[in-house]
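Trainee: Residues per chain, in single letters:
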Amino acid sequence: MKTHIQRTLWQLILPAALLLIFSFASRDFLSSGNLYALMQAFALLGLATLGISLTMIAGEFDLSVGAVSAVAGLVLVKTGESHPVCGIALALLAGLAIGFANGALTRALRVSSLVTTLGSMILLNGLAVWLEGGQVLAYNNFDEADLLDQAIAGILSVRSLIAFGGFTLVALMLSFTRIGRDIRAIGSYRRAAEMAGANVSVALYIAFMLSGMLAALTGALTSVSLSTASSRFGADLVLQAATAAIVGGVTLTGGVGSPAGIACGVMTLTILNNGLSLLGIPSATILLLNGALLFVVLISGGRRLLPRWIATTPGRNTRT
Amino acid sequence: MRIALSSSTERSGSNRSKTHMWLRNQFVPARVQATSIQILCVVVLIVAGISVPHFASMTNLAAIIYSTAAIGTAAIGLAAVTLCGELFLLSTGATAAFAAIVFVSSLGAGPIPASMAAVAVGLISGCLQGVAIGPLRCNPIIASIAAASVITGIASLLTGGRTIIGGGDASWLGLGVLFPGLPHQGVLLVVATLALELVVQRSRFGRELRLVGINRVAARVAGLRTRTTVLMGCTLAGGAAAAAGVLIASQSGTANLLIGSDLNFGAIAAVLVGGIGIAGGRGRISDAAFGALFLAIIGNLLLVKNLPYEAQLAVKGAAVLLSVTIGAFLGGKRR
Numbered sequence: 001m002k003t004h005i006q007r008t009l010w011q012l013i014l015p016a017a018l019l020l021i022f023s024f025a026s027r028d029f030l031s032s033g034n035l036y037a038l039m040q041a042f043a044l045l046g047l048a049t050l051g052i053s054l055t056m057i058a059g060e061f062d063l064s065v066g067a068v069s070a071v072a073g074l075v076l077v078k079t080g081e082s083h084p085v086c087g088i089a090l091a092l093l094a095g096l097a098i099g100f101a102n103g104a105l106t107r108a109l110r111v112s113s114l115v116t117t118l119g120s121m122i123l124l125n126g127l128a129v130w131l132e133g134g135q136v137l138a139y140n141n142f143d144e145a146d147l148l149d150q151a152i153a154g155i156l157s158v159r160s161l162i163a164f165g166g167f168t169l170v171a172l173m174l175s176f177t178r179i180g181r182d183i184r185a186i187g188s189y190r191r192a193a194e195m196a197g198a199n200v201s202v203a204l205y206i207a208f209m210l211s212g213m214l215a216a217l218t219g220a221l222t223s224v225s226l227s228t229a230s231s232r233f234g235a236d237l238v239l240q241a242a243t244a245a246i247v248g249g250v251t252l253t254g255g256v257g258s259p260a261g262i263a264c265g266v267m268t269l270t271i272l273n274n275g276l277s278l279l280g281i282p283s284a285t286i287l288l289l290n291g292a293l294l295f296v297v298l299i300s301g302g303r304r305l306l307p308r309w310i311a312t313t314p315g316r317n318t319r320t
Numbered sequence: 001m002r003i004a005l006s007s008s009t010e011r012s013g014s015n016r017s018k019t020h021m022w023l024r025n026q027f028v029p030a031r032v033q034a035t036s037i038q039i040l041c042v043v044v045l046i047v048a049g050i051s052v053p054h055f056a057s058m059t060n061l062a063a064i065i066y067s068t069a070a071i072g073t074a075a076i077g078l079a080a081v082t083l084c085g086e087l088f089l090l091s092t093g094a095t096a097a098f099a100a101i102v103f104v105s106s107l108g109a110g111p112i113p114a115s116m117a118a119v120a121v122g123l124i125s126g127c128l129q130g131v132a133i134g135p136l137r138c139n140p141i142i143a144s145i146a147a148a149s150v151i152t153g154i155a156s157l158l159t160g161g162r163t164i165i166g167g168g169d170a171s172w173l174g175l176g177v178l179f180p181g182l183p184h185q186g187v188l189l190v191v192a193t194l195a196l197e198l199v200v201q202r203s204r205f206g207r208e209l210r211l212v213g214i215n216r217v218a219a220r221v222a223g224l225r226t227r228t229t230v231l232m233g234c235t236l237a238g239g240a241a242a243a244a245g246v247l248i249a250s251q252s253g254t255a256n257l258l259i260g261s262d263l264n265f266g267a268i269a270a271v272l273v274g275g276i277g278i279a280g281g282r283g284r285i286s287d288a289a290f291g292a293l294f295l296a297i298i299g300n301l302l303l304v305k306n307l308p309y310e311a312q313l314a315v316k317g318a319a320v321l322l323s324v325t326i327g328a329f330l331g332g333k334r335r
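The listed protein sequences derive, respectively, from chains L and W. Here the first sequence is numbered in the numbering used here, starting from 1 and rising by one per residue. Here the second sequence is numbered in the numbering used here, starting from 1 and rising by one per residue.
Keep in mind the hints are simulated off the structure, nothing from the lab.
Pair ranges (Cβ atoms, derived):
# : chain 1 : residue 1 : chain 2 : residue 2 : range
1 : L       : S23       : W       : G161      : 29 to 35 Å
2 : L       : G165      : W       : I165      : 50 to 56 Å
3 : L       : L172      : W       : V47       : 57 to 63 Å
4 : L       : L30       : W       : I165      : 44 to 50 Å
5 : W       : L40       : L       : T177      : 46 to 52 Å
6 : L       : A17       : W       : N215      : 40 to 46 Å
Facing chain L, according to a computed beta carbon distance under 8 Å, are these residues of chain W, among others:
#  : residue
7  : L87
8  : C138
9  : I141
10 : I145
11 : S149
12 : V150
13 : S156
14 : I268
15 : I278
16 : E310
17 : L313
18 : A314
19 : G317
20 : A318
21 : V324
22 : A328
Remember, predicted model here, so these are calculated numbers, not experimental data. All C-beta atoms in this analysis are idealised placements derived from N, C-alpha and C, irrespective of residue type, glycine included.
The following block holds chain L by itself, in its conformation from the complex (with noise of 0.2 Å):
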C-alpha cells in the first residue's frame, strides 16, 4: 500500500524523464525563455484540469470548462476596459454562476453531468457567439498583461503564481475541510455517503461552482495576456484538461484525486506539448498526440480489463 508521499514520487517520473528526452532532443528546451513559456502553459492548463477534477473527484464531469473560458474571457474585455479588476471579478463571478446553474441542473435533474453540462456548453458557445458580435475584441489594457506576465526569478510570474496558490488552496480544502471530504465521499459512492451524512448538495455545489471559477480564471488570464477575446478560445481546453487530469491520476469513475497528482499530470501534457512544438511539429499533429494519448491512458486505465484476463485462470479472484 503505497503512502500518499511514494505515490507522488511515482506520478513524477513521466514528467522528469518527458524532461529529460526534450532536453536532449532540442537544444532550446533548457533556456529560461521556454522554460518561462511552459510555466505560462502550466498555469493556465493547471487551472483549468484542477476545476475540471474536483468535478470528477466528485464523480461528475463538467464539460462546459472551455466555453466557461470562452465566456469569461469574453466578459472581462468587454467590461474591464477601464476598470480591470472590476473586469477580472465580472468574468469569476460569471464562472461562479455557471457552476451554479451547472450544479442546480445535475443535482435537480438527478440526470448524468454530463448531459447536463452539454447543454450548458451549447448555450455557452451561443452566449459567446452573442457576446463577440461577430468583431475581433481587443482589450487595450497592456498594462495588466505587463503586470500579470512579467517573469519573476526569470521563468516564473504572476499568472504562475495564481496557479500554485490555487493548487496549494484546493490541496488543503481536499485534505482539511468538511466539504473537500465530502466531495471525495460523493464520488467514491454516492450512496453510502448520503447515508453516512455528507451533504451531497453542498459538495456537488462547490465542486461544480470551482470549476466555474477555475475555468473563468483560464479564460480571465488567457485574454488579459493575448490582449483578445474570442469565442473560439478554450475549443481544445476540454480535451486537454481531461487528458491532463487522467493521467494524474483523477479517475472518471470518482473519489481518487490529488492536487499533487493533478500537477504532475498538467506538467507533463505541458512539457509533451512544449517540447513538441518545439521541435517543429504543427499543431494541429498535437492535437492529435493529445487525443491518441487521451485515448490510450482510457482503454489502460480501465481497472476491469485486467483483472478479466486474469480472472479466466482458474484459481484467481474475481473482482467486478
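Given chain L, put chain W in place with the hints provided.
Mentor: Relative to the frame of chain L, chain W by itself:
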C-alpha cells in the same frame, strides 16, 4: 418500464376501439414527448406556412429538407448509441468531416464507390470507438472526444487544412430532386430511417440494443451479448455520421475540415428533442428523425426572421436542456 414494441390491443373486434387504443398508446409517458414533437412539426409547418412570408415556397421547403437530411442521418445512427445506454458519441462531426474528405477524394471513381468508401471509413471509426466503449467499458463521451481529436488530426494531416475539390460528379446525390421541393436526400433519409427503424424494432439485434440500454447488468445476466451489441451500435453511429458527411459534401463537391462542425450538437439535440431518453432504452429511431425535422424547421424560421447564428445555438442548447428536464420528469428515474 413500458416498452412500446407492438401495440397490444385487446381484440375487441371493433375498429373504433383499436384506433382508440392506438391513440392512447401514443400518449403514454414513454411516448408523449416523441408524439408531441411530431404533432408540433405539423402544427409549426402549417402555422409558419400561413403566417410567415416565403416560408412555404418550394426552395425554402427544400432547404429545410436538406438540413434535416444531413443532421437526421447522423442522428438516427447516434440514436442507436443512446438507445443502448452509452449516452452520445461526440465524434460525429469529426467522422463526418473525414468521410466527406474521403468521399470527395475518391469521387473520380464515381459517386457510388466513393460513398461506399466514405461509409466504410465511418464504420471503421465507429468500430474502433465501439471497441473502447463496449468491451473495454470506457466512458463514451471522453472516448469519443479523444477519438474526434485523433480523427481531426489525421484529416488535417491528409488535407493540410485545405479544401479538397472532387474530380467527379455527385449532383444526383447533392442537388437532384424528385420533384421541386423534395430533394433526393430527403428520400434517402426516409428510406434509411425506415430501414433502421425496422432493424431496431423487429430484429434480434434491435431488441438486444434496447434491453442493454434499459438495464445493462440484467441484460448481461440474462445472457445477452452486451459488449458486442454496444460495439455494433457504435459502428452504426460511425457509419451514419459518415453518410451525413457524404450528403453534405455532395452538395458542393468539395470537402474540408469544417464540414459537420454543427453536426455534433445538431445530432445530439435532434436525438434528445425527438424524445429518446438519455438513460437508454426509451424511444425509437424515427424519433431522432422527427427531432431533426423539428429543429430544422425552427432553425429555418429563425433564419427567415433574420435572427443571427447565435440565436440558433441558444435555441439548440435550450432545446437540449428542456428535453432533458421533461424527460427527467416523465421518466421519474432517480439516481
